[in-house]
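**Student:** Sequence:
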Amino acid sequence: MKRIRVVVPVYNDWTSFRMLLDGLDKEAATLPFRLFVSAVNDGSTESADAALGDLTNLQCLQGAEIIHLLTNLGHQRAIAIGLCVVVEDDNFDAVLIMDADGEDSPETIQHLTRGIGDQKDFCVVARRRRREETLTFKLGYQLYKLTFKAVTGKAINYGNFSILSKCYAQRLVMISDLWNNLPAAILRSRLPTTSVSIDRCSRYAGTSKMNFTSLIVHGLSSLSVYADTIFVRLLVLSVGIFLFSLLAVPVLLIMRLIFPAHATPGWATTITFCLAIIILQVFLTALSSILMLLHNRVQRLVVPKLDYRPYISSRQRLFSSTPTENFS
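Heads up, the sequence shown is in my numbering, so the first residue is 2 and it goes up one at a time.
In case anyone wonders, no lab produced these hints; they're calculated from the structure.
Note that beta-carbon positions come from the ideal geometry of N, C-alpha and C, so glycine has one too.
Careful: at least some of the hints might be erroneous.
[What the hints assert, rightly or not] Pair ranges (Cβ atoms, derived): (1) 94 to 218: 31 to 39 angstroms; (2) 258 to 128: 18 to 26 angstroms; (3) 293 to 136: 33 to 41 angstroms; (4) 129 to 275: 41 to 49 angstroms; (5) 234 to 55: 21 to 29 angstroms; (6) 137 to 285: 30 to 38 angstroms; (7) 218 to 120: 31 to 39 angstroms; (8) 139 to 248: 28 to 36 angstroms; (9) 200 to 61: 51 to 59 angstroms; (10) 286 to 120: 39 to 47 angstroms; (11) 94 to 221: 31 to 39 angstroms; (12) 154 to 304: 24 to 32 angstroms; (13) 236 to 94: 43 to 51 angstroms; (14) 27 to 286: 24 to 32 angstroms.
Full structure from sequences and hints, please.
**Tutor:** Here it is, written out as C-alpha coordinates:
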(Lines of atoms letter the chains of each structure in order from A and count residues from 1; the text may use other names and numbers.)
(Lines give C-alpha, C1' and ligand atoms only; values in the text may rest on other atoms or scores of the structure.)
Protein backbone atom coordinates (compact mmCIF):
# COMPACT_ATOMS: atom_id res chain seq x y z
CA MET A 1 0.00 0.00 0.00
CA LYS A 2 1.61 3.24 -1.17
CA ARG A 3 -1.16 5.82 -1.65
CA ILE A 4 -4.03 6.65 0.70
CA ARG A 5 -6.80 9.06 -0.22
CA VAL A 6 -8.29 10.75 2.84
CA VAL A 7 -12.00 11.65 2.51
CA VAL A 8 -13.12 14.39 4.93
CA PRO A 9 -16.65 15.85 4.95
CA VAL A 10 -16.72 19.54 5.96
CA TYR A 11 -19.61 21.88 6.70
CA ASN A 12 -18.45 25.39 7.68
CA ASP A 13 -15.76 23.92 9.95
CA TRP A 14 -12.84 25.21 7.92
CA THR A 15 -10.77 26.29 10.93
CA SER A 16 -10.75 22.72 12.21
CA PHE A 17 -10.02 21.40 8.72
CA ARG A 18 -6.97 23.67 8.50
CA MET A 19 -5.72 22.26 11.80
CA LEU A 20 -6.43 18.75 10.52
CA LEU A 21 -4.24 19.40 7.47
CA ASP A 22 -1.39 20.44 9.79
CA GLY A 23 -1.89 17.28 11.83
CA LEU A 24 -2.01 15.06 8.75
CA ASP A 25 1.10 16.72 7.32
CA LYS A 26 2.98 16.09 10.55
CA GLU A 27 1.78 12.49 10.67
CA ALA A 28 2.56 11.89 6.97
CA ALA A 29 6.25 12.38 7.74
CA THR A 30 6.19 9.22 9.88
CA LEU A 31 3.85 7.03 7.82
CA PRO A 32 5.12 4.53 5.20
CA PHE A 33 2.65 5.79 2.58
CA ARG A 34 1.57 9.00 0.88
CA LEU A 35 -1.57 10.89 1.88
CA PHE A 36 -3.78 12.92 -0.43
CA VAL A 37 -6.71 14.75 1.19
CA SER A 38 -10.10 15.17 -0.49
CA ALA A 39 -12.34 17.45 1.54
CA VAL A 40 -16.03 17.36 0.61
CA ASN A 41 -17.58 20.81 1.05
CA ASP A 42 -21.12 19.87 2.06
CA GLY A 43 -22.77 23.09 0.87
CA SER A 44 -21.00 25.32 3.37
CA THR A 45 -22.21 28.90 3.73
CA GLU A 46 -18.78 30.11 4.89
CA SER A 47 -15.80 30.51 2.59
CA ALA A 48 -12.81 28.26 3.13
CA ASP A 49 -10.19 30.68 1.79
CA ALA A 50 -9.76 32.85 4.88
CA ALA A 51 -9.51 29.91 7.28
CA LEU A 52 -7.11 27.88 5.13
CA GLY A 53 -4.65 30.70 4.53
CA ASP A 54 -1.14 29.87 3.34
CA LEU A 55 -0.62 26.15 2.76
CA THR A 56 3.02 26.30 1.67
CA ASN A 57 4.15 24.97 5.05
CA LEU A 58 2.56 21.59 4.26
CA GLN A 59 5.52 19.62 2.96
CA CYS A 60 4.72 15.94 3.60
CA LEU A 61 1.20 15.60 2.21
CA GLN A 62 1.01 14.61 -1.43
CA GLY A 63 -1.75 17.13 -1.99
CA ALA A 64 -5.23 18.32 -1.07
CA GLU A 65 -8.41 19.34 -2.84
CA ILE A 66 -11.94 20.51 -2.04
CA ILE A 67 -14.91 18.87 -3.74
CA HIS A 68 -17.65 21.52 -3.70
CA LEU A 69 -21.25 20.28 -3.55
CA LEU A 70 -24.13 22.32 -4.90
CA THR A 71 -26.17 21.96 -1.71
CA ASN A 72 -26.03 20.56 1.78
CA LEU A 73 -26.71 16.82 1.63
CA GLY A 74 -25.67 15.84 5.12
CA HIS A 75 -22.61 14.21 6.59
CA GLN A 76 -23.22 10.68 5.33
CA ARG A 77 -24.02 11.58 1.73
CA ALA A 78 -21.01 13.89 1.59
CA ILE A 79 -18.87 10.89 2.54
CA ALA A 80 -20.58 8.77 -0.12
CA ILE A 81 -19.82 11.37 -2.81
CA GLY A 82 -16.21 11.67 -1.64
CA LEU A 83 -15.78 7.91 -1.94
CA CYS A 84 -17.27 7.94 -5.44
CA VAL A 85 -14.87 10.67 -6.57
CA VAL A 86 -11.89 8.78 -5.19
CA VAL A 87 -12.97 5.56 -6.88
CA GLU A 88 -13.43 7.34 -10.21
CA ASP A 89 -9.95 8.89 -9.96
CA ASP A 90 -8.49 5.42 -9.40
CA ASN A 91 -5.15 6.86 -8.19
CA PHE A 92 -5.10 5.23 -4.74
CA ASP A 93 -4.44 1.96 -2.93
CA ALA A 94 -6.72 2.61 0.04
CA VAL A 95 -9.18 5.24 1.23
CA LEU A 96 -9.37 6.63 4.76
CA ILE A 97 -12.59 8.27 6.00
CA MET A 98 -12.35 10.66 8.94
CA ASP A 99 -14.06 13.75 10.37
CA ALA A 100 -12.56 17.22 10.05
CA ASP A 101 -13.10 18.36 13.64
CA GLY A 102 -10.14 16.55 15.23
CA GLU A 103 -12.17 13.92 17.05
CA ASP A 104 -10.60 11.48 14.60
CA SER A 105 -7.01 12.39 15.40
CA PRO A 106 -4.29 12.02 12.73
CA GLU A 107 -2.10 10.52 15.45
CA THR A 108 -4.40 7.47 15.61
CA ILE A 109 -4.02 6.62 11.90
CA GLN A 110 -1.05 4.42 12.74
CA HIS A 111 -3.20 2.44 15.19
CA LEU A 112 -5.92 2.06 12.57
CA THR A 113 -3.54 0.87 9.86
CA ARG A 114 -2.03 -1.76 12.17
CA GLY A 115 -5.33 -3.60 11.85
CA ILE A 116 -4.57 -4.18 8.16
CA GLY A 117 -1.78 -6.65 8.82
CA ASP A 118 -0.82 -8.55 5.69
CA GLN A 119 -4.31 -8.47 4.15
CA LYS A 120 -4.53 -7.57 0.48
CA ASP A 121 -8.14 -6.43 0.80
CA PHE A 122 -9.29 -4.98 4.07
CA CYS A 123 -11.86 -2.92 5.92
CA VAL A 124 -10.65 -1.65 9.28
CA VAL A 125 -13.01 0.37 11.50
CA ALA A 126 -12.39 2.30 14.72
CA ARG A 127 -14.28 1.00 17.75
CA ARG A 128 -14.54 3.79 20.31
CA ARG A 129 -13.22 3.19 23.83
CA ARG A 130 -13.64 6.71 25.22
CA ARG A 131 -15.77 9.59 24.00
CA GLU A 132 -15.57 13.31 24.79
CA GLU A 133 -19.31 14.04 24.90
CA THR A 134 -21.97 15.01 27.40
CA LEU A 135 -23.68 12.41 29.56
CA THR A 136 -26.94 12.94 27.66
CA PHE A 137 -25.23 12.26 24.35
CA LYS A 138 -23.47 9.16 25.69
CA LEU A 139 -26.76 7.77 27.04
CA GLY A 140 -28.46 8.54 23.73
CA TYR A 141 -25.67 6.79 21.82
CA GLN A 142 -25.97 3.70 24.00
CA LEU A 143 -29.74 3.71 23.46
CA TYR A 144 -29.15 3.95 19.71
CA LYS A 145 -26.84 0.90 19.75
CA LEU A 146 -29.30 -1.12 21.86
CA THR A 147 -32.19 -0.18 19.57
CA PHE A 148 -30.18 -1.08 16.48
CA LYS A 149 -29.33 -4.47 17.98
CA ALA A 150 -32.94 -5.10 19.02
CA VAL A 151 -34.59 -4.34 15.67
CA THR A 152 -31.91 -5.63 13.28
CA GLY A 153 -30.20 -8.40 15.24
CA LYS A 154 -26.83 -6.79 14.39
CA ALA A 155 -24.38 -5.03 16.69
CA ILE A 156 -22.86 -1.75 15.51
CA ASN A 157 -20.11 -0.20 17.60
CA TYR A 158 -18.16 1.95 15.16
CA GLY A 159 -18.59 5.20 13.26
CA ASN A 160 -17.11 6.81 10.14
CA PHE A 161 -13.43 6.57 11.04
CA SER A 162 -12.29 3.67 8.88
CA ILE A 163 -9.92 2.60 6.11
CA LEU A 164 -10.81 0.42 3.12
CA SER A 165 -8.73 -1.15 0.40
CA LYS A 166 -9.29 -0.05 -3.18
CA CYS A 167 -11.24 -3.19 -4.08
CA TYR A 168 -13.58 -2.88 -1.10
CA ALA A 169 -14.13 0.84 -1.74
CA GLN A 170 -15.10 0.04 -5.34
CA ARG A 171 -17.63 -2.49 -4.08
CA LEU A 172 -19.03 -0.19 -1.41
CA VAL A 173 -19.89 2.68 -3.78
CA MET A 174 -22.14 0.32 -5.72
CA ILE A 175 -24.27 -0.35 -2.64
CA SER A 176 -27.31 1.91 -2.36
CA ASP A 177 -27.19 1.72 1.47
CA LEU A 178 -24.05 3.90 1.40
CA TRP A 179 -26.25 6.87 0.45
CA ASN A 180 -27.91 6.70 3.88
CA ASN A 181 -25.26 5.62 6.36
CA LEU A 182 -21.63 4.52 6.01
CA PRO A 183 -21.26 2.31 9.14
CA ALA A 184 -24.56 0.49 8.49
CA ALA A 185 -23.65 0.09 4.80
CA ILE A 186 -20.32 -1.52 5.76
CA LEU A 187 -22.18 -3.84 8.11
CA ARG A 188 -24.82 -4.67 5.50
CA SER A 189 -22.23 -5.20 2.73
CA ARG A 190 -20.83 -8.25 4.59
CA LEU A 191 -17.30 -7.11 3.88
CA PRO A 192 -14.81 -8.83 6.23
CA THR A 193 -14.24 -6.16 8.87
CA THR A 194 -11.52 -5.72 11.47
CA SER A 195 -12.17 -3.39 14.40
CA VAL A 196 -9.47 -1.49 16.29
CA SER A 197 -10.08 0.18 19.67
CA ILE A 198 -9.32 3.91 19.42
CA ASP A 199 -10.25 6.77 21.74
CA ARG A 200 -12.27 9.63 20.34
CA CYS A 201 -10.31 12.84 20.86
CA SER A 202 -11.41 16.41 21.61
CA ARG A 203 -12.47 18.85 18.90
CA TYR A 204 -9.94 21.28 17.47
CA ALA A 205 -12.31 24.24 17.67
CA GLY A 206 -15.96 25.22 17.98
CA THR A 207 -18.79 23.00 19.13
CA SER A 208 -20.01 19.71 17.76
CA LYS A 209 -22.84 19.83 15.24
CA MET A 210 -23.92 16.34 16.35
CA ASN A 211 -26.55 17.17 18.98
CA PHE A 212 -29.26 14.92 20.40
CA THR A 213 -31.54 15.61 17.44
CA SER A 214 -28.76 14.88 14.98
CA LEU A 215 -28.06 11.63 16.80
CA ILE A 216 -31.70 10.58 16.37
CA VAL A 217 -31.56 11.41 12.64
CA HIS A 218 -28.28 9.51 12.35
CA GLY A 219 -29.82 6.53 14.14
CA LEU A 220 -32.87 6.52 11.88
CA SER A 221 -30.69 6.72 8.77
CA SER A 222 -28.72 3.69 9.91
CA LEU A 223 -31.94 1.81 10.70
CA SER A 224 -33.24 2.61 7.22
CA VAL A 225 -30.45 0.47 5.77
CA TYR A 226 -32.12 -2.51 7.44
CA ALA A 227 -35.69 -1.47 6.58
CA ASP A 228 -36.52 -4.82 4.98
CA THR A 229 -35.24 -6.74 8.02
CA ILE A 230 -37.25 -4.51 10.36
CA PHE A 231 -40.39 -4.96 8.24
CA VAL A 232 -40.01 -8.75 8.32
CA ARG A 233 -39.51 -8.75 12.10
CA LEU A 234 -42.51 -6.49 12.51
CA LEU A 235 -44.53 -8.84 10.34
CA VAL A 236 -43.52 -11.88 12.41
CA LEU A 237 -44.37 -10.01 15.62
CA SER A 238 -47.73 -8.97 14.19
CA VAL A 239 -48.57 -12.54 13.19
CA GLY A 240 -47.64 -13.72 16.68
CA ILE A 241 -49.90 -11.16 18.35
CA PHE A 242 -52.66 -11.95 15.84
CA LEU A 243 -52.56 -15.68 16.62
CA PHE A 244 -52.40 -15.06 20.37
CA SER A 245 -55.44 -12.81 20.20
CA LEU A 246 -57.39 -15.32 18.09
CA LEU A 247 -56.66 -18.08 20.61
CA ALA A 248 -57.48 -15.85 23.56
CA VAL A 249 -61.05 -15.14 22.39
CA PRO A 250 -62.33 -18.78 22.57
CA VAL A 251 -60.46 -19.28 25.86
CA LEU A 252 -62.33 -16.30 27.34
CA LEU A 253 -65.65 -17.64 26.11
CA ILE A 254 -64.95 -21.06 27.62
CA MET A 255 -63.97 -19.48 30.94
CA ARG A 256 -67.15 -17.41 30.85
CA LEU A 257 -69.24 -20.54 30.45
CA ILE A 258 -67.37 -22.66 33.03
CA PHE A 259 -66.98 -20.05 35.78
CA PRO A 260 -70.00 -17.76 35.40
CA ALA A 261 -70.44 -17.20 39.14
CA HIS A 262 -66.87 -15.93 39.74
CA ALA A 263 -66.73 -13.43 36.90
CA THR A 264 -67.16 -9.68 37.00
CA PRO A 265 -70.23 -8.69 34.96
CA GLY A 266 -69.29 -7.77 31.39
CA TRP A 267 -65.61 -8.76 31.68
CA ALA A 268 -65.70 -11.30 28.85
CA THR A 269 -67.43 -8.87 26.49
CA THR A 270 -65.00 -6.07 27.30
CA ILE A 271 -61.87 -8.19 26.88
CA THR A 272 -63.19 -9.84 23.71
CA PHE A 273 -63.94 -6.41 22.24
CA CYS A 274 -60.40 -5.22 23.13
CA LEU A 275 -58.88 -8.32 21.54
CA ALA A 276 -60.95 -7.76 18.40
CA ILE A 277 -59.52 -4.23 18.16
CA ILE A 278 -55.99 -5.61 18.64
CA ILE A 279 -56.59 -8.21 15.92
CA LEU A 280 -57.78 -5.51 13.51
CA GLN A 281 -54.86 -3.19 14.29
CA VAL A 282 -52.30 -5.97 13.97
CA PHE A 283 -53.81 -7.08 10.68
CA LEU A 284 -53.64 -3.57 9.26
CA THR A 285 -50.08 -3.11 10.55
CA ALA A 286 -48.95 -6.39 8.97
CA LEU A 287 -50.70 -5.53 5.72
CA SER A 288 -49.11 -2.07 5.54
CA SER A 289 -45.67 -3.55 6.32
CA ILE A 290 -46.01 -6.07 3.50
CA LEU A 291 -47.15 -3.41 1.04
CA MET A 292 -44.32 -1.04 2.01
CA LEU A 293 -41.75 -3.82 1.68
CA LEU A 294 -43.04 -4.82 -1.75
CA HIS A 295 -43.23 -1.18 -2.85
CA ASN A 296 -39.63 -0.51 -1.83
CA ARG A 297 -38.39 -3.53 -3.74
CA VAL A 298 -39.77 -2.26 -7.06
CA GLN A 299 -38.44 1.28 -6.67
CA ARG A 300 -35.18 2.35 -8.28
CA LEU A 301 -32.58 2.75 -5.55
CA VAL A 302 -29.92 5.45 -5.51
CA VAL A 303 -26.58 3.90 -6.43
CA PRO A 304 -23.90 6.38 -5.26
CA LYS A 305 -21.40 5.65 -8.05
CA LEU A 306 -24.05 6.14 -10.74
CA ASP A 307 -25.90 9.10 -9.22
CA TYR A 308 -23.34 11.30 -7.46
CA ARG A 309 -22.14 13.54 -10.31
CA PRO A 310 -25.08 16.03 -10.49
CA TYR A 311 -24.38 17.08 -6.88
CA ILE A 312 -20.81 18.25 -7.56
CA SER A 313 -20.31 21.92 -8.39
CA SER A 314 -16.54 21.94 -8.88
CA ARG A 315 -13.23 20.60 -7.63
CA GLN A 316 -10.66 23.00 -6.25
CA ARG A 317 -7.02 22.00 -6.04
CA LEU A 318 -5.42 23.45 -2.91
CA PHE A 319 -1.92 22.16 -3.56
CA SER A 320 -0.21 19.11 -5.02
CA SER A 321 3.33 17.81 -4.86
CA THR A 322 2.66 15.95 -8.12
CA PRO A 323 2.16 18.45 -10.96
CA THR A 324 0.64 15.80 -13.23
CA GLU A 325 -2.09 14.89 -10.71
CA ASN A 326 -5.40 14.60 -12.54
CA PHE A 327 -8.20 16.89 -11.34
CA SER A 328 -11.51 17.18 -13.14
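**Student:** Confirm or reject the claim that residue 236 and residue 94 have a C-beta distance inside 43 to 51 angstroms.
**Tutor:** holds (44 angstroms)
**Student:** Holds or violated: 33 to 41 angstroms for the Cβ distance of residue 293 and residue 136?
**Tutor:** holds (37 angstroms)
**Student:** A range of 28 to 36 angstroms was offered for this pair. Does it hold for the Cβ distance of residue 139 and residue 248?
**Tutor:** The hinted range 28 to 36 angstroms is violated for residue 139 and residue 248, with Cβ atoms some 43 angstroms apart.
**Student:** In this structure, is the beta-carbon distance linking residue 286 and residue 120 contained in 39 to 47 angstroms?
**Tutor:** Given range 39 to 47 angstroms: holds, Cβ gap about 45 angstroms.
**Student:** Cβ-Cβ distance between residue 218 and residue 120: within 31 to 39 angstroms?
**Tutor:** Holds, at about 34 angstroms.
**Student:** Hint says 31 to 39 angstroms; check whether the CB-CB distance for residue 94 and residue 221 agrees.
**Tutor:** holds (35 angstroms)
**Student:** CB of residue 94 to CB of residue 218, is that within 31 to 39 angstroms?
**Tutor:** Because 34 angstroms falls inside the window, the suggested range holds.
**Student:** The hint says 41 to 49 angstroms between residue 129 and residue 275; measuring C-beta to C-beta, is that right?
**Tutor:** holds (46 angstroms)
**Student:** Within 24 to 32 angstroms or not, the Cβ separation of residue 154 and residue 304?
**Tutor:** Distance hint for residue 154, residue 304 holds at roughly 26 angstroms.
**Student:** Hint says 21 to 29 angstroms; check whether the CB-CB distance for residue 234 and residue 55 agrees.
**Tutor:** violated (55 angstroms)
**Student:** Tell me if the beta carbons of residue 27 and residue 286 are separated by a distance inside 24 to 32 angstroms.
**Tutor:** Since residue 27 and residue 286 have Cβ atoms about 56 angstroms apart, the given range 24 to 32 angstroms is violated.
**Student:** Within 30 to 38 angstroms or not, the Cβ separation of residue 137 and residue 285?
**Tutor:** Between residue 137 and residue 285, where Cβ atoms are some 36 angstroms apart, the hint holds.
Consistency with the previously given hints fails for numbers 2, 5, 8, 9 and 14, ordered from lowest to highest.
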